[in-house]
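From first to last, the protein sequence lines are chains A and B.
For the first sequence, this note's numbering begins at 1 and goes up steadily by one.
For the second sequence, this note's numbering begins at 1 and goes up steadily by one.
Take these hints with a grain of salt, some might be off.
Using 20 Å as the maximum straight-line C-alpha spacing, the simulated SDA-like pairs for lysine to any residue come out as follows [stated by the list, open to error]:
| hint | chain 1 | residue 1 | chain 2 | residue 2 |
| --- | --- | --- | --- | --- |
| 1 | A | 300 | B | 149 |
| 2 | B | 135 | A | 125 |
| 3 | B | 170 | A | 150 |
| 4 | B | 135 | A | 131 |
Simulated DEER-style distance windows between Cβ atoms [said to hold, decoys possible]:
| hint | chain 1 | residue 1 | chain 2 | residue 2 | range |
| --- | --- | --- | --- | --- | --- |
| 5 | A | 7 | B | 211 | 21 to 29 Å |
| 6 | A | 262 | B | 31 | 20 to 28 Å |
| 7 | A | 360 | B | 60 | 48 to 56 Å |
| 8 | B | 193 | A | 73 | 38 to 46 Å |
| 9 | A | 216 | B | 169 | 22 to 30 Å |
| 10 | B | 31 | A | 136 | 50 to 58 Å |
| 11 | A | 166 | B | 169 | 24 to 32 Å |
| 12 | B | 297 | A | 263 | 25 to 33 Å |
| 13 | A | 193 | B | 39 | 14 to 22 Å |
| 14 | B | 91 | A | 262 | 34 to 42 Å |
| 15 | A | 217 | B | 207 | 43 to 51 Å |
| 16 | A | 73 | B | 298 | 47 to 55 Å |
| 17 | B | 39 | A | 118 | 40 to 48 Å |
Since the hints were derived computationally from the structure, they do not count as laboratory data.
All C-beta atoms, glycine included, are put in the ideal place defined by N, C-alpha and C.
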Amino acid sequence: MIARLDKWCVAAAVLGLTALLFPPVAGGRWTDGPEFLGAAVLLVALSGFFAWKGVTAFWHSATLVLLVIAATAISLGFIHAIGDGMTTGSGFWLFNLALWAVAWRGIDGIAAFRSTNPRWQRLANLFVPAAFGLWMIYLWEIAVVGFGVPQVLLPAPGMIGDRFMGSLDILWEDFQQTFMKAVLAGYIMGCGSGFLVAILVDRVPFLQRGLLPLGNLVSALPIVGVAPIMVMWFGFDWQSKAAVVVIMTFFPMLVNTVTGLTASGVLERELLRSYAASYWQTLFKLRLPAAMPFIFNALKINSTLALIGAIVAEFFGTPIVGMGFRISTEVGRMNVDMVWAEIVVAALAGSAFYGVVSLGERAITFWHPSFRERR
Amino acid sequence: MTDAAAIAGPKVNIVSRVAAGRAGPVAAVSLVILALWYLGAIYMNAQMQIDRFEREETAWSAGDLVSATLSQERPLLPAPHQILVEMKKTIIDTKITSKRSLVFHSWVTLSSTLLGFAIGTVLGIFLAVGIVHVKALEKSLMPWVISSQTIPILAIAPMIVVVLGAIGLKGLIPKAIISTYLCFFPVTIGMVKGLRSPDPLQMDLMHTYNANQWQTFWLLRWPSSLPFLFTSLKVAIAISLVGAIVGELPTGAQAGLGARLLAGSYYGQTIQIWSALVTAALLAASMVALVGMIEKQLLRRMGARP
Chain A
1 MIARLDKWCV AAAVLGLTAL LFPPVAGGRW TDGPEFLGAA VLLVALSGFF AWKGVTAFWH
61 SATLVLLVIA ATAISLGFIH AIGDGMTTGS GFWLFNLALW AVAWRGIDGI AAFRSTNPRW
121 QRLANLFVPA AFGLWMIYLW EIAVVGFGVP QVLLPAPGMI GDRFMGSLDI LWEDFQQTFM
181 KAVLAGYIMG CGSGFLVAIL VDRVPFLQRG LLPLGNLVSA LPIVGVAPIM VMWFGFDWQS
241 KAAVVVIMTF FPMLVNTVTG LTASGVLERE LLRSYAASYW QTLFKLRLPA AMPFIFNALK
301 INSTLALIGA IVAEFFGTPI VGMGFRISTE VGRMNVDMVW AEIVVAALAG SAFYGVVSLG
361 ERAITFWHPS FRERR
Chain B
1 MTDAAAIAGP KVNIVSRVAA GRAGPVAAVS LVILALWYLG AIYMNAQMQI DRFEREETAW
61 SAGDLVSATL SQERPLLPAP HQILVEMKKT IIDTKITSKR SLVFHSWVTL SSTLLGFAIG
121 TVLGIFLAVG IVHVKALEKS LMPWVISSQT IPILAIAPMI VVVLGAIGLK GLIPKAIIST
181 YLCFFPVTIG MVKGLRSPDP LQMDLMHTYN ANQWQTFWLL RWPSSLPFLF TSLKVAIAIS
241 LVGAIVGELP TGAQAGLGAR LLAGSYYGQT IQIWSALVTA ALLAASMVAL VGMIEKQLLR
301 RMGARP
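Model the full structure from these sequences, guided by the hints.
The structure is reproduced here in structure tokens:
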């Protein structure tokens with residue numbers, strides 16, 4: 001029955017055994033930390049068992065993942081418990097290398113998971129990237145703490161989390177200033193005007209031929225560069241940031257909407273023509289719905305552009321609040337953990353914004369082939 | 001072409017022929033934009049000029065006002081010819097090695113753009129190859145590749161530059177890293193699509209030839225992904241320039257187009273800001289055009305029909 005050994009588990013078992021030969025802390029012994037020793041022994045035992053048995057069933061992968069979760073928790077406790085004067089030894093890193101092999105094997109098993117129940121399938125599909133992200137954060141944490149990376153350079157995730165929770169009020173104010181005022185106002189105005197101009201362009205073929213190549217050109221240009229000019233024109237408050245966002249979001253919306261308006265099929269248009277439908281009836285009943293995938297594409301592109309535009313514009317002058325302002329001043333004061341907390345806010349806001357637009361897309365363009373259930 | 005023009009038949013006059021092409025409308029729209037720009041410059045700079053006239057207690061006519069608004073030293077909105085004069089002065093008349101030369105600053109920006117673009121393209125292609133060939137990588141990495149772009153990296157670019165500067169990485173590399181981060185995304189997405197673009201029939205054919213994965217990759221997947229690659233590269237090089245410019249903002253305004261922007265905004269030198277902007281725009285447009293030309297040549301050699 002020992003036809004083929006599972007190579008990832010073999011690697012994990014061998015690495016784990018080797019790890020036990022080296023000290024986990026420089027100058028220390030494994031017996032000093034009984035929990036960590038237990039985790040390592042369990043790791044070796046389980047990976048040895050699965051190397052022999054093979055990771056075939058779903059519960060095999062699940063067991064490995066549970067092992068990894070427990071081991072990471074213990075190893076985090078271990079690395080934070082060792083004193084300032086001591087550094088981690090090679091045993092610790094070998095242990096984590098073994099853990100990596102086991103984690104890869106477990107995630108690989110779950111990625112191959114197939115279920116007839118779509119709910120379980122979706123859960124598994126969600127779990128894989130989430131586990132990957134958490135694993136990356138874990139590596140970041142142990143690398144920063146274990147190697148003693150200076151905090152100015154790269155703070156540990158735990159530290160960023162502490163700072164995030166500790167300064168929620170400041171972050172909230174910045175978020176309001178940058179996102180609620182500048183980004184949303186600019187986004188709505190920019191996308192709205194882009195949409196209206198697109199309808200106008202669509203009515204006048206001359207403009208379509210003349211404006212579209214220019215629009216395409218402009219979307220390749222570094223538009224964020226207008227930020228200093230806008231700050232000069234509209235002052236330091238959120239209006240200038242909104243103006244930058246308007247300019248950045250206008251052209252993607254224009255180009256995409258005009259392209260989308262030509263997306264409806266000839267057959268459908270002929271049909272409406274045979275119904276003697278007016279221009280506006282054709283527009284609202286056929287061409288705009290057909291253009292929706294393109295419009296949502298622009299809305300999605302713009303959701304990230306808007307946040308970038310607003311934050312970059314704040315580097316050129318702001319009142320003393322706002323995400324861009326906070327980032328540039330805290331960098332100057334070398335409070336890198338605060339900067340990272342602000343980045344977390346920006347990432348959360350950006351992802352949430354994108355997610356909301358995607359949900360809207362799913363609700364409105366549910367008929368599009370890309371949303372059909374894949375079998 | 002409109003119905004009226006079609007009925008007119010052979011007697012198509014020059015106006016409708018120009019209007020039917022693409023160059024004509026583009027030129028017309030550009031001219032309108034230029035005219036609007038001049039009007040805007042007069043309108044926006046008028047107030048400041050009137051104030052100045054009144055302060056100096058000179059009598060002025062409408063003609064004086066117009067000519068004065070178009071030749072201010074620090075206008076709110078400089079007129080196009082002022083920008084052109086400034087560009088001529090800083091590009092042609094100034095020595096390239098001088099710190100006032102826009103060629104010098106453009107080169108500083110361009111070099112980090114190209115370095116970042118090169119690294120980003122290679123990284124993007126490798127990621128795509130991994131994602132296409134390894135199931136677990138696709139499932140775990142792909143969602144992160146996509147969500148990596150919802151993080152406004154451009155906004156935190158200055159921090160990356162400052163932090164890397166603190167450990168002694170200065171000049172080219174930090175800016176190139178930002179460009180790399182922005183570049184790899186379109187390349188990865190395009191290449192994943194491109195490497196998967198051979199249809200099952202072709203894949204089956206390779207299978208019947210007993211081709212291994214390596215051969216399938218080089219003989220089928222790679223050639224058929226090239227059109228996708230070039231589409232991505234055009235996006236990537238434009239975005240790479242943006243990354244390099246924004247990366248220059250916090251470097252204490254030493255060199256580069258971004259530094260020119262920042263210095264101009266500190267000292268209210270609007271003409272300087274605009275000339276840096278126009279130069280950046282020209283740079284972006286010509287780089288995209290260059291990639292387009294390479295694409296055309298390469299695809300023609302590979303037997304693509306235009």
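Do the hints match the structure? See the list:
no., hint, verdict
1, 300(A) to 149(B), "holds, 11 Å"
2, 135(B) to 125(A), "holds, 12 Å"
3, 170(B) to 150(A), "holds, 18 Å"
4, 135(B) to 131(A), "holds, 15 Å"
5, 7(A) to 211(B): 21 to 29 Å, "holds, 25 Å"
6, 262(A) to 31(B): 20 to 28 Å, "holds, 26 Å"
7, 360(A) to 60(B): 48 to 56 Å, "holds, 55 Å"
8, 193(B) to 73(A): 38 to 46 Å, "holds, 39 Å"
9, 216(A) to 169(B): 22 to 30 Å, "violated, 36 Å"
10, 31(B) to 136(A): 50 to 58 Å, "holds, 53 Å"
11, 166(A) to 169(B): 24 to 32 Å, "holds, 30 Å"
12, 297(B) to 263(A): 25 to 33 Å, "holds, 31 Å"
13, 193(A) to 39(B): 14 to 22 Å, "holds, 20 Å"
14, 91(B) to 262(A): 34 to 42 Å, "holds, 40 Å"
15, 217(A) to 207(B): 43 to 51 Å, "holds, 44 Å"
16, 73(A) to 298(B): 47 to 55 Å, "holds, 52 Å"
17, 39(B) to 118(A): 40 to 48 Å, "violated, 60 Å"
Figure legend: structure checked against the earlier numbered hints; hints not met, in rising order: 9, 17.
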